[in-house]
Amino acid sequence: MGKKVQAIYLWWHKPVIDPELLQSLPNLKVIANSGVGMDHLDLKLVASFGVKMANAPCAVSSSTADAGMALLLASARRLVEGYHVAISSGSEYCEADLLGDEVTGVALGIIGMGSIGCKIALGAKAFEMTILYHNRTWRKEQEEQAVGATCCEKMDNLLQQADFVTAVVSLTLHTHKLIGKREMELMKPTATLINFSRGAVVDRGALVTALQIGIIRAAALDVTFPEPRPRDHMLLKLKNVIITPQLGTKTDKATYVVTEEAVENIRAALNDLPVPSEVLPS
Amino acid sequence: MWYHRPVVNEELLQSLPNLKIVASSGVGIDHLDLNLLSSYGVKVSNTPFVVSTDTADLGMALMLASSRRLVEGYQMAVSPDTEYFPADWLGAEVSGTTLGIVGMGTIGYKVAERAKAFEMKILYHNRNRRNQEEESAVGAIYCKKIDDLLQQSDFVLLSVNLTPQTHKLIGKRELELMKPTATLINTSRGLVVDQDALVEALQNKVIKAAALDVTYPEPLPRDHPLLKLKNVIITPHIGSATKKTRRLMMENMMESIQAGLTGLPIPNEVL
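Heads up: the sequence lines are chains H and U, in that order.
Be aware that the first sequence starts at 1, since it is given in the numbering used here, and climbs by one per residue.
Be aware that the second sequence starts at 283, since it is given in the numbering used here, and climbs by one per residue.
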């Protein structure tokens with residue numbers, strides 16, 4: 001059976017690609033991933049077996065960006081808390097207590113201005129937000145102007161000015177614990193951190209402390225590490241945290257398009273054609 | 283006057299012979315009997331424009347939260363019983379869908395401005411058609427008949443004020459015209475919707491979901507069916523509930539009160 005397998009479509013990081021598996025599939029030509037992040041794969045290992053790898057960069061940007069705005073709005077307006085108040089079995093509630101923060105006209109800082117980051121900027125522009133971004137590379141002037149974004153060469157500047165800090169980077173050695181104690185202390189005490197990257201991009205322990213003592217106001221996390229979290233983790237209990245189970249890619253449309261992209265990549269590889277979204281070990 | 287309290291009736295007005303002005307927070311004035319107040323020579327003011335942006339923002343928040351099943355997702359993510367996140371648990375995208383705005387006033391228009399960035403097709407129904415410039419700025423298409431809007435929309439957002447004409451504007455008939463995959467969003471007043479018909483429609487999957495910032499009454503009785511439906515998000519009338527806006531509302535009300543007490547023209551007077 002193993003000899004017949006020429007392609008693997010990785011769904012939610014399964015199967016686990018290790019030397020054992022690769023050895024048992026001598027005719028494997030390509031591994032296509034159902035998503036854009038490739039941090040769960042040992043790229044060098046796979047390449048050493050002569051197997052190509054591909055991700056699905058386009059499919060997820062729109063749905064992740066929308067989910068980003070959904071979380072930003074829900075956090076700012078305390079939507080989840082409001083829901084619980086509205087349906088609670090307690091007899092009375094005091095409306096005047098539940099005040100949120102404005103969204104229109106605030107400063108949004110986007111860390112990682114890839115295709116997802118750019119789409120978030122477009123959505124934010126409609127809310128008249130000031131958009132700051134920090135990226136490995138500068139975006140072209142016309143791209144910046146299209147969304148009215150200002151580049152912050154130093155991430156510190158972005159952290160100090162933003163009311164909402166959104167992390168949309170891929171997980172690499174450089175972005176591991178990119179947002180730690182120091183970065184959170186640079187943020188405004190009224191700021192919200194929104195993480196749409198991998199959980200490991202944010203220092204968990206530092207985040208819990210920061211939220212408990214008011215170094216930042218709130219957090220909204222769409223990915224947690226591990227997924228799902230150990231059930232008793234502090235983050236699950238804090239009122240000023242919204243955690244969602246990878247909403248970014250969980251739509252009918254994204255699921256469909258991601259699979260279409262993967263099939264395209266697989267077809268190309270099996271026909272020895274250039275693979276559209278090939279990922280090479282850096 | 284905050285949150286429609288105190289209730290302004292004959293009894294109260296008779297006990298306050300020197301009352302000159304009632305300054306009401308927010309834009310809606312359906313809780314006030316304007317004729318009654320006028321007969322006692324009492325002036326009325328509201329805070330119309332300052333609440334529009336926040337209410338539009340909340341409308342968008344409810345629409346996005348509903349389509350992406352945010353509240354359900356949160357409960358799954360924090361529940362002690364969750365062992366894994368099911369692969370077939372999915373929400374729906376907002377991009378590329380059709381938003382039908384019923385009531386294209388200041389708030390409705392701001393919703394359209396925001397929805398445009400999400401590449402939504404925008405239909406609207408209003409007493410009066412907006413001019414061409416306003417329509418093209420947000421790419422909104424006018425539906426003279428509300429039925430056309432209801433039949434085509436994936437999201438129906440209500441941003442009308444409550445009047446005898448809009449009372450139970452959305453009833454059984456209207457809900458049945460909507461797509462079975464559609465979501466109803468209400469940031470107007472609870473009474474604009476026939477609530478019993480809505481419960482039935484949601485239970486029988488006549489429409490997919492609802493997201494309500496307003497109900498009738500507020501709050502709902504604790505055993506009300508709307509509180510138990512999985513496909514409903516309810517928030518406790520927080521359309522204008524941000525620190526900045528509440529402060530601005532208070533400032534507006536103070537201005538109106540001061541003018542009312544000194545006999546000057548009243549800003550935001552309601553006639």
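Warning: the hint list may mix true and false statements.
[What the hints assert, rightly or not] Per label pair, the in silico range of CB-to-CB distance:
| id | chain 1 | residue 1 | chain 2 | residue 2 | range |
| --- | --- | --- | --- | --- | --- |
| 1 | U | 525 | H | 263 | 22 to 30 Å |
| 2 | U | 525 | H | 141 | 47 to 55 Å |
| 3 | H | 264 | U | 513 | 43 to 51 Å |
| 4 | U | 423 | H | 24 | 40 to 48 Å |
[Claimed, not checked] According to the in silico footprint, chain H covers these stretches of chain U (three or more CB under 8 Å from chain H):
| id | segment |
| --- | --- |
| 5 | 367 to 373 |
| 6 | 511 to 523 |
The set of hints was computed from the structure by calculation and includes no laboratory data.
Each residue gets a CB set at the ideal place from its N, CA and C atoms; glycine is no exception.
Worksheet item: In ascending order, which of the hints set out earlier in this document are inconsistent with the structure?
Response: Numbers 1, 2, 3, 4, in rising order.
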